[in-house]
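Enquirer: Residues per chain, in single letters:
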Amino acid sequence: MASAVMNVTATVLDWMSAAFDAPLARAVVFGVHIDGHLVIEVLLIVVILFQLTRKSYKPPKKPLTEKEIDELCEEWVPESLHPPITEEMLAQPPTLESAAGPHSIIDGKEVVNFASANYLGLVGNEKIIDSCITSVEKYGVGSCGPRGFYGTIDAHLDCETRIAKFLGTPDSVLYSYGISTIFSVIPAFCKKGDIIVADEGVHWGVQNGLYLSRSTVVYFKHNDMASLESTLNKITRGNKRAEKIRRYIVVEAVYQNSGQIAPLDEIVRLKEKHRFRLVLDESHSFGVLGKSGRGLAEYCGVPIEKIDIITAGMGNALATDGGFCTGNVRVVDHQRLSSSGYVFSASLPPYLASAAITAVEYLQENPSVLETLRSNIALLQKGLADVPGLTITSHPLSPIVFLKLKKSTGSAKTDLQLLDTIADRVLKEDSVFIVTLKKSTLDKCRLPVGIRLFVSAGHSESDLLKASESLKRVAASVLAELL
Amino acid sequence: MVRLPYLTALTTLFSYGLLFAFGQLRDFFRKLIDWPKSKNLKGYAPICLGLEDFYTRRLYLRIQDCFGRPIASAPDAWIDVVERYSNDNNKTLLRTSNTTKCLNLGSYNYLGFAAADEYCTPRVIESLKKYSPSTCSVRVDGGTTKLHTELEELVARFVGKPAAILFGMGYVTNSAIIPALVGKGGLIISDSLNHNSIVNGARGSGATVRVFQHNNPSHLEEVLREQIAEGQPRTHRPWKKIIVIVEGIYSMEGELCKLPEIIAVCKKYKAYTYLDEAHSIGAIGKSGRGVCELLGVDPADVDIMMGTFTKSFGSCGGYIAASKEIIQYLKYTCPAHLYATSMSPPAVQQVISAIKVILGEDGSNRGAQKLARIRENSNFFRSELQKMGFEVLGDNDSPVMPIMLYNPAKIPAFSRECLRQNVAIVTVAFPATPLLLARARICISASHTREDLIKGLEVISKVGDLVGIKYFPVEPPKHEQDQKKLE
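Just so you know, the protein sequences line up as chains A and P, in that order.
Reminder that position 316 of the first sequence reads as 316 in UniProt numbering, one-by-one numbering, no gaps.
Reminder that position 256 of the second sequence reads as 256 in UniProt numbering, one-by-one numbering, no gaps.
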């Protein structure tokens with residue numbers, strides 16, 4: 001039995017090996033003998049190819065039918081455009097019934113006004129109002145067009161040359177609104193892939209500009225030079241491609257959110273060491289700091305060429321509206337075609353440009369007004385040094401005097417409510433108008449809230465004394481539980 | 001819609017190609033010449049790399065004298081254009097003290113409030129003396145004067161909405177409001193030809209942005225259906241809210257938006273609508289109330305209406321009009337309201353007086369006369385231009401009319417020749433319009449008289465023949481047609 005199976009297997013094997021080795025068809029194709037095993041190999045390859053061409057099993061992908069899309073659209077419920085209205089949203093600001101000078105009329109009462117950034121006391125100045133009246137009679141109120149399409153009036157060009165001459169730069173660019181200056185300048189120079197190092201306490205306009213520029217933004221601790229140095233070191237260490245990437249540092253001269261002043265000489269030293277460009281926002285220091293009011297560069301003794309881009313809003317010391325940006329020739333020319341707030345928007349009303357020219361001339365002719373401003377700030381700082389429950393966090397020379405709570409209650413909302421109560425009582429009982437720092441929900445700055453007083457050269461000594469006395473009395477009573 | 005003839009497209013592309021080639025050649029030689037000069041800015045990356053400002057340096061600077069022409073008078077029907085000369089082939093332009101009096105067909109002065117007006121100017125001067133040019137404070141901090149509250153109520157009444165809020169600049173209005181209304185997780189669907197301020201506001205909000213074909217309600221419906229069914233990108237969660245942004249009159253096309261159809265589509269799919277009436281408020285509609293009045297749409301159907309005061313009211317600034325709750329919420333959180341200096345009081349007074357004139361509340365009917373005159377002027381001008389054979393865009397009743405030029409060489413030719421014959425024209429090219437579709441844009445005003453318009457038409461016709469932009473056949477004048485009929 002076994003031998004029979006063995007015999008059959010042996011014969012089959014012999015037959016198969018003969019078939020394999022027998023030259024088939026005795027053919028010679030291209031010098032290769034066609035053997036039997038070649039047929040099996042070709043069959044195998046054909047089978048493999050056949051399997052590869054079969055579609056693999058995937059569950060079929062059915063796009064949504066029209067009926068299903070209709071159902072989804074019916075089901076979807078959008079959120080409301082606004083969140084539910086709370087108590088604090090219904091608060092109305094007080095109405096001003098006269099010019100915003102050091103003494104104004106609010107809701108029918110005469111008050112001492114510490115809420116208008118009228119640093120040089122130019123609100124109500126006769127010369128400025130006269131130049132505005134001439135301008136309105138000659139040019140009308142609006143300019144009716146963007147700068148590229150017959151909206152450039154000779155008043156604008158005169159204003160640009162005047163400001164550039166005052167600061168010592170070749171030329172400057174005029175913008176039609178203070179806050180739009182910085183968020184148009186930053187995206188014009190910083191593009192995707194650039195690196196920006198910014199202070200964490202910058203205001204919303206700068207934050208919006210940084211977001212729109214799509215560059216990589218790194219924040220450093222507020223006004224802390226050690227933190228700035230370590231951030232710069234971290235970024236430039238070992239980065240060979242850093243030669244091709246543009247790098248910027250963005251700071252404000254006087255910070256709106258805290259009243260501190262940036263140490264410009266330190267920053268310039270660091271910038272030159274690591275090869276960064278500097279963008280400086282001088283809204284609250286132009287016309288205030290420095291011996292003749294030329295801003296932070298004059299105060300710190302830094303030559304103006306070392307700062308690459310200077311922007312400022314003119315709604316503060318110069319008592320008009322709008323903004324400007326200045327730097328070297330390349331910087332200024334580039335903005336005239338690629339800065340969106342300059343190209344796509346109507347130009348500044350010409351009467352505000354003439355007001356700016358008159359204000360700059362006034363400042364150049366009467367530098368003594370800066371002395372008055374400085375002594376007023378010093379007086380107010382002395383008077384507010386011992387207010388119970390509040391500390392001064394602003395720089396001794398800053399025209400914004402910023403007070404925050406010594407001991408916070410823990411949440412920014414309750415802090416703001418306490419400070420609002422203080423401000424309301426000061427206004428009602430002593431007719432002194434001070435304001436708190438209100439933050440928008442879109443603002444990313446996390447600095448503490450506080451009370452701001454804007455000092456003007458038009459305030460008299462009795463005004464400043466009245467403010468300090470009143471604040472001391474009201475703070476003592478409101479914060480009595482906390483102390 | 002623009003119909004671009006094949007031959008014109010080819011010649012325009014060829015011209016741009018030639019300009020590009022010449023520009024590259026000059027750049028190459030400039031690099032060679034500047035090679036030995038070592039840059040003292042070693043280590044700093046250049047402010048503009050390579051091709052980023054190629055267009056500015058090699059194409060725009062050649063025709064720089066056609067843009068940014070300074071004027072020395074109010075932007076009224078006739079202006080004094082300042083002459084400029086250049087010593088270095090148009091790279092820098094220097095002012096002279098000579099001026100030429102030209103007919104102004106370029107400023108946005110739709111109702112003629114640009115120059116000193118008999119009702120508005122005395123009141124503006126009074127408010128200047130009382131409130132001085134600026135309040136130097138933000139709106140929440142004591143920058144709100146009686147004028148601001150009065151204007152907000154007046155604007156709300158004029159537009160037909162319950163409440164309104166003011167801002168000092170139209171551009172900032174869009175950039176600061178859109179982020180406050182919709183954030184991450186929301187969807188913004190905007191028209192493909194929307195203005196740069198809307199694009200910036202949409203980008204700055206953090207929401208997803210989709211575009212629908214210009215003025216095409218059926219494509220808008222397609223996009224809405226697709227987006228609601230898909231949900232947010234990658235996570236497919238449902239959208240928080242959807243806002244559709246359109247403009248009343250598109251400033252580069254001169255055409256009105258198809259508002260009733262778009263509002264119907266948005267209502268069906270529960271999307272919110274945002275209407276930007278920068279050019280249409282005060283200029284169209286029987287009583288000047290804008291595109292809603294002209295097309296018969298109820299203002300309550302549009303969720304948010306935005307507009308500017310620069311064009312028809314001769315001032316500066318912008319407004320938003322919506323329901324009381326939305327305005328209260330915006331006053332609480334909008335950054336432009338909390339951080340930006342309040343609008344200059346004399347400018348506010350100018351708008352108040354202008355609206356009173358338009359509504360007839362100043363005791364005369366100058367407002368109604370102005371509105372009738374601008375409509376007559378626009379329709380007359382447009383029909384005459386079309387009869388002459390120009391390709392004019394825009395709908396009837398719209399005061400903005402672009403004339404197509406196409407070829408880049410015709411832009412400076414048209415502009416300079418018109419200036420030589422004392423007509424001031426605005427020409428627009430890339431990047432404000434697509435590359436091949438350069439145009440000249442005319443803005444009609446109510447202060448243009450019939451003689452001014454006829455003079456303008458003569459000059460444009462002569463220059464058009466010289467430059468060769470009459471792309472359509474000319475309609476023969478009426479008496480020739482009658483003669484042909486007799487024969």
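Any given hint could be a false lead.
[Stated by the list, open to error] Residues from chain P shown here face chain A by an in silico Cβ test under 8 Å; the list is partial:
#1 R62
#2 A74
#3 A77
#4 K130
#5 H236
#6 K240
#7 Y471
#8 F472
#9 V474
Just so you know, these hints were derived from the structure itself, not from any lab.
The beta carbon of each residue, even a glycine, is placed where N, CA and C say it ideally should be.
Enquirer: All hints, please: hold or fail.
Expert: Going down the list of hints, with the structure as the test:
Checking R62 of chain P against chain A: minimum C-beta separation of about 14 Å lies over 8 Å; hint violated. Here the hint on A74 of chain P is kept, as its CB sits about 4 Å from the closest CB of chain A, short of 8 Å. Here the hint on A77 of chain P is broken, as its CB sits about 12 Å from the closest CB of chain A, past 8 Å. Hint status for K130 of chain P relative to chain A: holds, with the closest Cβ pair at about 7 Å, below 8 Å.
A least Cβ separation of about 11 Å between H236 of chain P and chain A goes past the 8 Å threshold, and the interface hint is therefore violated. Among the interface hints, the one on K240 of chain P holds; its C-beta lies about 5 Å from the nearest C-beta in chain A, closer than the 8 Å criterion. Proximity of Y471 of chain P to chain A is violated relative to the hint, the smallest CB-CB distance being about 24 Å (cut-off 8 Å). Interface restraint check for F472 of chain P: the shortest CB-CB distance to chain A comes to about 26 Å, outside 8 Å, so the restraint is violated.
Hint status for V474 of chain P relative to chain A: violated, with the closest Cβ pair at about 29 Å, above 8 Å.
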